[in-house]
Amino acid sequence: MASKVIRDPVHNHIYIDRTRDKIVLDLLDCPEIQRLRRIRQLGVSYLTYPGAEHSRFSHALGVCHLMMKALRYIQENHDQGEVPIDELHRTAIVAAALLHDIGHGPFSHLLEDEFGAKHEKWTIRIIESPETHVHRLLAKRDRNLPRLVRDMILPDRKDVPWLRALLSSQLDVDRMDYLLRDSHFCGVGYGRFDHDYIFHTMRVRPIPPDGRRQPVWLEKAVRVIEEHLFARYYMYWNVYYHRTTRGYEELVRAICQRAKQVLHDGGTLPGTPTVLRFIRGEQLSVEEFVSLDDAVLTAHFVEWQTGEPVLADLCSRFLNRRGLKPVDAPETEDQSMLANTQRIDAIRGLLRDKGLDPTYYLRESAPSAKAYDYYHPEKDTEQRTPENSILIEAGPSNYAEISTLPGMERLRAVTGKRERRRCYYVPDEFREQTKQLLRQT
Amino acid sequence: MALDNYCLLKMIAAAGSVRGRKKLQKLVYLAQLEGCPIEDRFALHYYGPYSSDLAARIDDLVERKRLVEHTSSPAPGAVEYRYELSPECPDLLARAEATAPPQVVRTADEHAARFVERAQRDVRELELAATILYWRDWGYEWDEAERTAARLKDANLGSSLCVAAQRLAQDVWSHRLT
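In order, the protein sequences belong to chains H and G.
Quick note: the first sequence uses the numbering used here, first residue 1, plus one each step.
Quick note: the second sequence uses the numbering used here, first residue 1001, plus one each step.
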């Protein structure tokens, strides 16, 4: 039977074997996966990069495609029996690739911490919950499959094969697809790299001290991997942590916090019971959670444009792209903590005098490695794992972390130090005064 | 001085020095769970909760001469790291403290006191306790978190190591709740 072909702007043709990978085709039709079409991959980045409208659905499909491709390369590049993969575990890791982001809530990572939408937890709940279409399909294929898929995503067992590293490590198919896809849709040129060559040069070896198998790369791959790591670095600063995007992320958080406060103070807001429960931070059922997406929340922002004045203003700013404006924080190291506190207090006072609540109109954002990160290898050899280090096969049973190799000075320059650029966000009309207040000694 | 660096340096200062990057990682993870304002994100790695943010922060503090990194080789091919404050850092800490709100200093002192006591413990106990807490924080009940951590660390649930780690984990969790 001919493979199903899906056209994709990043990978061109995605082939899915209608017999061997029937479960992928079946899963794609589940409502929980179809919902990912209504969640943008990059949250509110589309307000900075107009092309960044791509969805979690296309990313999930891309990750699944790269996983199948990686597995083919592994089979071709090892002797028969050297790296055995049984069919059930293969199915589990391919399904896990498709399902790994199924628990994302509205606006992807944006509301994860404050509104109980941590996507890893919801992903596991959706896979484990007997009431979901996804669970029923997996269990129908094999009653152990939901647990195996869960084990490929959640690192709470160590008897899970090395396959998990293909999905979650420093050089995994998830990162590969999002870099390629995000750079394509943002229209930037620096997220690209030769992923085929990375697969071609990947080997699975038992690594000292405990002999656990993990992916390593042949020495000839170092330049291509370096290209991938630079792609991550540039995407981190230019796309994922773009100052404008961070400002709109703060605005969405401010909207949700304001709505929560209004409800807490006994006010009423128009909205579906599920959205209002989400805003209140209440525990949702799986069924309730999967009813939420970007479109549902944005429709509420439209509704809230009339009514409670602060909430209405914040929603209007978001919908009409009149966001808060960034002001760089001064270098604070070795300055007194009190002086910084006083500067911020002065800005708060300025906003209050003009009738604006600084809780919502003075926002602070400092990039961290919460959702996206560039490569920072662990220098303690004992602590090096596939999750924090990329190993290069420098000789038989001799593995070196990539940035320690000769000729990797350029890579060391960007991986050895974590930069933190803190920004404050205020309405445009207070930007200059905020700059001056932050500079005051 | 940024609040997170102040807290980290204050804890290391109180302990005198910390031997091992793994130990430092686990100690900071426990402190963070108790509310110490270091926002570095931890993920579960082979040796328990690990933060590349924190690893980078430590390297950055060494580069800026706030910390001194000593290395030794306890076995062929192995490197052990030890961290202590640089000679000029106590003055910087004192200056920051002189202008810090009293509550900030008091909280940092409380975290530092617990850090000193825990820094004397065996790194395996810290690793196991941190792993139990990782799963407790994920949402597992105590018995499930302990079973999961023991399975990941090849530890026997009734062993003295496990019992000590469980006690430590519960102690940390109780401070978190208060």
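It is possible that some hints are incorrect.
Stretches of chain G that chain H covers, calculated by requiring three or more beta carbons in the stretch to come under 8 Å of a beta carbon on chain H [unchecked claim]: (1) 1040-1049; (2) 1052-1059; (3) 1078-1089; (4) 1138-1150.
If you are wondering where the hints come from, they were derived from the structure by calculation, not from laboratory data.
Backbone N, C-alpha and C fix where the C-beta goes; we use that ideal spot for every residue, glycine too.
Results of checking the hints against the structure:
1. 1040-1049: holds (count 7)
2. 1052-1059: Coverage by chain H holds here, the residue count being 6 at a Cβ distance below 8 Å.
3. 1078-1089: holds (count 3)
4. 1138-1150: Since 3 is at least three, the answer is holds.
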